[in-house]
Amino acid sequence: MGNPSEFPHSVPLGLVIPAELVGDVVGKLHYVSEQLAGFRISDSRDTVQFRLKPGQEAQRALVTERLREVATKLCRSYRSWGDKVLVSRPREQFACQEDPHPALEREGQIFRYGNGRYGLGPHMVALVEAFDRQFLRTVESFSPEAHQFPSIIGGDILSRCRYIKSFPHSLSLVHHLREDLEAIQGFAEQAEWGGDHLHVKPDSLAPPETLLSPTVCFHCYAWLADSKQTRPRIITARGKCFRFESGNLRGLERLWDFSMRELIFVGPKEFVLEQRQKVIDASTQLLDRWNLSYEIKTATDPFFIDDFSQQSSFQRAFDLKFEVRAALPYKPGGSVAIGSFNIHQDFFGRSFSIGTIDGQPLHTGCVGFGLERVALALVAQHGLDPAGWPPGVREDISR
Amino acid sequence: MGNPSEFPHSVPLGLVIPAELVGDVVGKLHYVSEQLAGFRISDSRDTVQFRLKPGQEAQRALVTERLREVATKLCRSYRSWGDKVLVSRPREQFACQEDPHPALEREGQIFRYGNGRYGLGPHMVALVEAFDRQFLRTVESFSPEAHQFPSIIGGDILSRCRYIKSFPHSLSLVHHLREDLEAIQGFAEQAEWGGDHLHVKPDSLAPPETLLSPTVCFHCYAWLADSKQTRPRIITARGKCFRFESGNLRGLERLWDFSMRELIFVGPKEFVLEQRQKVIDASTQLLDRWNLSYEIKTATDPFFIDDFSQQSSFQRAFDLKFEVRAALPYKPGGSVAIGSFNIHQDFFGRSFSIGTIDGQPLHTGCVGFGLERVALALVAQHGLDPAGWPPGVREDISR
Amino acid sequence: MSELEREQVESKVRAVIGQTFGLSPTETAGELRMGDPAAWDSMGHMQLIVGLEEACNWSCPGHQIAELVDVPTIVDAICNPSN
Amino acid sequence: MSELEREQVESKVRAVIGQTFGLSPTETAGELRMGDPAAWDSMGHMQLIVGLEEACNWSCPGHQIAELVDVPTIVDAICNPSN
Numbered sequence: 001m002g003n004p005s006e007f008p009h010s011v012p013l014g015l016v017i018p019a020e021l022v023g024d025v026v027g028k029l030h031y032v033s034e035q036l037a038g039f040r041i042s043d044s045r046d047t048v049q050f051r052l053k054p055g056q057e058a059q060r061a062l063v064t065e066r067l068r069e070v071a072t073k074l075c076r077s078y079r080s081w082g083d084k085v086l087v088s089r090p091r092e093q094f095a096c097q098e099d100p101h102p103a104l105e106r107e108g109q110i111f112r113y114g115n116g117r118y119g120l121g122p123h124m125v126a127l128v129e130a131f132d133r134q135f136l137r138t139v140e141s142f143s144p145e146a147h148q149f150p151s152i153i154g155g156d157i158l159s160r161c162r163y164i165k166s167f168p169h170s171l172s173l174v175h176h177l178r179e180d181l182e183a184i185q186g187f188a189e190q191a192e193w194g195g196d197h198l199h200v201k202p203d204s205l206a207p208p209e210t211l212l213s214p215t216v217c218f219h220c221y222a223w224l225a226d227s228k229q230t231r232p233r234i235i236t237a238r239g240k241c242f243r244f245e246s247g248n249l250r251g252l253e254r255l256w257d258f259s260m261r262e263l264i265f266v267g268p269k270e271f272v273l274e275q276r277q278k279v280i281d282a283s284t285q286l287l288d289r290w291n292l293s294y295e296i297k298t299a300t301d302p303f304f305i306d307d308f309s310q311q312s313s314f315q316r317a318f319d320l321k322f323e324v325r326a327a328l329p330y331k332p333g334g335s336v337a338i339g340s341f342n343i344h345q346d347f348f349g350r351s352f353s354i355g356t357i358d359g360q361p362l363h364t365g366c367v368g369f370g371l372e373r374v375a376l377a378l379v380a381q382h383g384l385d386p387a388g389w390p391p392g393v394r395e396d397i398s399r
Numbered sequence: 001m002g003n004p005s006e007f008p009h010s011v012p013l014g015l016v017i018p019a020e021l022v023g024d025v026v027g028k029l030h031y032v033s034e035q036l037a038g039f040r041i042s043d044s045r046d047t048v049q050f051r052l053k054p055g056q057e058a059q060r061a062l063v064t065e066r067l068r069e070v071a072t073k074l075c076r077s078y079r080s081w082g083d084k085v086l087v088s089r090p091r092e093q094f095a096c097q098e099d100p101h102p103a104l105e106r107e108g109q110i111f112r113y114g115n116g117r118y119g120l121g122p123h124m125v126a127l128v129e130a131f132d133r134q135f136l137r138t139v140e141s142f143s144p145e146a147h148q149f150p151s152i153i154g155g156d157i158l159s160r161c162r163y164i165k166s167f168p169h170s171l172s173l174v175h176h177l178r179e180d181l182e183a184i185q186g187f188a189e190q191a192e193w194g195g196d197h198l199h200v201k202p203d204s205l206a207p208p209e210t211l212l213s214p215t216v217c218f219h220c221y222a223w224l225a226d227s228k229q230t231r232p233r234i235i236t237a238r239g240k241c242f243r244f245e246s247g248n249l250r251g252l253e254r255l256w257d258f259s260m261r262e263l264i265f266v267g268p269k270e271f272v273l274e275q276r277q278k279v280i281d282a283s284t285q286l287l288d289r290w291n292l293s294y295e296i297k298t299a300t301d302p303f304f305i306d307d308f309s310q311q312s313s314f315q316r317a318f319d320l321k322f323e324v325r326a327a328l329p330y331k332p333g334g335s336v337a338i339g340s341f342n343i344h345q346d347f348f349g350r351s352f353s354i355g356t357i358d359g360q361p362l363h364t365g366c367v368g369f370g371l372e373r374v375a376l377a378l379v380a381q382h383g384l385d386p387a388g389w390p391p392g393v394r395e396d397i398s399r
Numbered sequence: 001m002s003e004l005e006r007e008q009v010e011s012k013v014r015a016v017i018g019q020t021f022g023l024s025p026t027e028t029a030g031e032l033r034m035g036d037p038a039a040w041d042s043m044g045h046m047q048l049i050v051g052l053e054e055a056c057n058w059s060c061p062g063h064q065i066a067e068l069v070d071v072p073t074i075v076d077a078i079c080n081p082s083n
Numbered sequence: 001m002s003e004l005e006r007e008q009v010e011s012k013v014r015a016v017i018g019q020t021f022g023l024s025p026t027e028t029a030g031e032l033r034m035g036d037p038a039a040w041d042s043m044g045h046m047q048l049i050v051g052l053e054e055a056c057n058w059s060c061p062g063h064q065i066a067e068l069v070d071v072p073t074i075v076d077a078i079c080n081p082s083n
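So the sequence lines, in the order shown, correspond to chains F, Z, A and V.
The first sequence: position 117 = 117 (this note's numbering), numbered continuously.
The second sequence: position 134 = 134 (this note's numbering), numbered continuously.
The third sequence: position 43 = 43 (this note's numbering), numbered continuously.
The fourth sequence: position 60 = 60 (this note's numbering), numbered continuously.
Hints in this document: simulated from the structure, not taken from any laboratory.
Every value quoted in this text rests on a predicted model; they were computed, and no experiment measured them.
Ideal Cβ placement from N, Cα and C applies to all residues, glycine included.
There is no bait here: all hints are sound.
Label pairs and their in silico Cβ distance ranges:
(1) F:Arg231 with Z:Glu20: 49 to 55 Å
(2) A:Ser24 with Z:Ser77: 27 to 33 Å
(3) F:Thr230 with Z:Ser80: 55 to 61 Å
(4) Z:Ser80 with F:Arg231: 58 to 64 Å
(5) Z:Ala61 with F:Glu189: 22 to 28 Å
(6) A:Ser24 with F:Pro386: 55 to 61 Å
(7) A:Met43 with F:Asp99: 42 to 48 Å
(8) Z:Arg40 with F:Arg231: 45 to 51 Å
(9) Z:Ser80 with F:Pro386: 51 to 57 Å
(10) Z:Glu145 with F:Pro332: 31 to 37 Å
(11) A:Met43 with Z:Arg133: 35 to 41 Å
(12) Z:Glu20 with F:Pro386: 47 to 53 Å
(13) A:Ser24 with F:Glu182: 35 to 41 Å
(14) Z:Asp43 with F:Glu189: 35 to 41 Å
Taking the hints into account, I'd like the entire structure generated from these sequences.
This is how it looks when you write it as structure tokens:
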């Protein structure tokens, strides 16, 4: 890792990155420059070491400057927080210690199509479907209204809730061709796969009306927009979500294109807080039934640099986000967020004008499980062979 | 409809469009020009009448020429075919004759987000899920291997199977931002919703690596690419599919973003033909259980203009495509394709080098059901009230 | 139809196939069927049918297109247009 | 801490709130709490905390941020930094 020939350039930061901030800093440095081929934070956490793409040495000063700017910006406004841990299920010994990805690939249980794009085979599909089915059973007492939302979302909706400005780095814009015979025929003649991207004439594309939806619940708020609600609502939906994560994309741990089951609450503040607590309790039962090792603790969303410090601090301060982090035994001390329990206060109520009868903005909250990550955590902890999976899992698969 | 003030311009074609080709011609004319505001084929089928967008009168000659070119091109190479009807379930009387869309919207069962983008409420979700579940039960004897595929697909895959050149009009390209701090921050500052599209700087976007997947089975062939198969395969997957259909987008009849359950066959020619026939038989049982009025008959895919006549004729000649067309009582004589049974011969076997042990390209076939369209057909024929739905439907929903 | 006429039709059919798929004279004289040459695929097949219709002043009924996948069958179809 | 000092802190707090959210003097003197003015939202709240830290030479502990949603509470926190 620290081999200097691998990372020939160094950026001394003049500060030490707090240990708990390293992941966030690394997450952002991927977006600094297209000329950046690789980087790492030094063990002393006071230096970024990096490597440029071949022939890009002229960009060294610019890249150095940007790495320093981003890393120091994130550190300067950082506040230290003790993690608040709600539930903890540690484990000393795991059935499996190896990274399951190579074996999954060998056995036809996953297939890598490209950066952040994976297919799943029968055992993994069985886990995804069983968890989703069982989660729905677990929250049956909430009597959620089932909905289905599109995977493409209007730019108007993402603008309305500030997503475009807060998470520009992870957006996926959708373009269809211009509705023009010459443009379409020209595109068809000329479009060609160039090894890592499609060569297209930009002027054959219509301006973007839609993007890929980064989460399930935005469509729910857009459905309820500009309304007065006479009663609290609990809605559930499963959908595809899309977050482009650049160099952070990594096996099933972080996909560009993933499946999420959500439960969404809309109502008065106390209602939303109370429902979140109830789902945390219900989810704990399901996760224990699946015999997973995990923690439920405070977390923040991956805002882009300019919003990062303030929004993250705000989420921390108000306990707005808790994550279920499942242990990944193949990464010592490592884990993956398989679910989250979120409070948005009245942010969406205000953004989308969802109010009470007398016009007060309602509060919202949502709970989401990333289904591919649940399946990953299960095989990482219990192995690939369904015969070795916990009885609760085997039972839920066969139901 | 024929009000001359609505369509002030006329294009005499010098030929009569065959009645069975009118739908295909209309489908293509939407892509002729962005200046076209609306059009219709005259009752005598020898003239296209059209209207330009305000202030675009200067484009009249160009639009006239293109409408004539496309319509005559499609007609000139047309061959007449008798429809081959495999199954027919006509009905004289329907419980419901009205377009269900307004009532569905009023009752919170559908929500229109934009062109081709709809959300579904609880009753519609129940229909979608029940049909999918029951279809899987219906084909259980095939022992299909369950898979899950991404919704975004590499440009390499779509190039490899000629999709980009054959269906350019319906593509949806996906762009993330360039991995460059300045580009991302510039985008975040400047991106703004402009009423019908997002204003973005094109140079802040990375060139497209992926598109939205137009169908489920391409990912299956890409998974099996460059392999030799020792035994026939039957694979099933459900996925989101995306086809931009311009002015053809229309309620749940034609969505930009829809759900499809597919069953895919890979094997020798006789195997694939035999499986298709078996699924046609099994599907018929399910459709009858749901008491739908429908026909199963020959069809073709919506190739773009340059490929249209030849590819469509080829599909017709070899009986490559059968569609389930469900009656839509609110459109006299109208119907919607809710499923299709397709043979690709060795096209994908060759394109993706999927062969037998001794290197012969394998044949493929697939069966797909458009789940939102199934739900639409059910409420269009049987009404919105679940109490009035056929017993088979009610049973399948509660299972 | 005489054997001679049949031979004339066959050589015309082979010439059209050779032209349509850009074959050498040797290839044009060899065994030919849909899938071999590789260019004789779905698009190629329809181009061939259209080319044959023009060259042989013949009209191919839709239901027959799927059968015309090798030289003898094509020659038969052109020589016996009533079929 | 004397009543006078407390009043001084309160007027400083109100001034920072007014500046941060661009309020008129009348608004600045009125009742103020998170959510009202509307600009006092999640982003605004953190800007305010940072502004208060600078203006009052005070450091806000993370666990307290969520409580500081109206003027009296903020004034209390600044006057009794040990809390």
